[in-house]
Amino acid sequence: MWESARHEERIAALEALVPGPLERTCACLRVLGAAAPEWHVGLPLDRLVEPYLHDHVGGELVGAAIERVLAEPVGMAGAARWLLHAGGAAHLVTHDAARFVAETAKWALEHPVPRNRTETLEVLARIHSPFVVPMLHAVLAGFFTPRALAPEDAELCDLFGEPGTFFVDDDHLLRGTSDRAYSALLLARRGERGIRPRILDLMDAAGREDFHALALAMEALEALDAPE
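full-length UniProt numbering applies: residue 1 is where the sequence shown begins, and numbers increase by one.
Rather than coming from a laboratory, the hints here were simulated on the basis of the structure.
It is possible that part of the hints are untrue.
Unchecked claim - Label pairs and their computed distance ranges (CB to CB):
1. Glu15 <-> Asp171: 30 to 40 angstroms
2. Arg126 <-> Leu224: 52 to 62 angstroms
3. Arg47 <-> Pro19: 20 to 30 angstroms
4. Arg126 <-> Leu43: 32 to 42 angstroms
The beta-carbon is built from N, C-alpha and C at its ideal position, and this holds for glycine as well.
Could you put the whole structure together from the sequences, leaning on the hints where they help?
See the structure below:
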């Protein structure tokens, strides 16, 4: 059933299993929420559901499904994974995308998997909605505290992943750079000069990974004041 040539057969089976479009879309989000805790680890069912939501479900219907499932833990997890990892935000109408990304990002910034938090920050770095800068300031201030992994999820992470995060958009940063240090760099790139004192405080106790990112943040701030 999982051979590439049987893709249309898998889609037909999914649609027959849950006939109603809204209920089926909600079910897809719940499936993503029950998937492996590390977003970059894709299993066969995840790889069916993510493109199905992109290619076979309209943006307004996905928005309605997200609205319905957000109050459920597994629904929030699935919505966050689809919006922030699978690029689902681009599939929604604009006002829904901004609202749902803001809500799921707050949840994702306390995710127990470091790479998921980094990926959330990478998504925020590409967004220019008004909620982004205050959220990055909250990360820099240490407002978000990662949740503990459930024992069964910890076993999956040990099996598939690494304890430290890694970067895709800023691949020059060192593995294991903290959320606070990365948020400082993102804020500096947006011209937030007022973060200098906090960066200096963090540099005093920073390890090698964080110091590198914080030094880049200071360079970005200094460049703002350099004569043209």
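In ascending order, which of the hints set out earlier in this document are inconsistent with the structure? Hints 2 and 4 not satisfied by this model.
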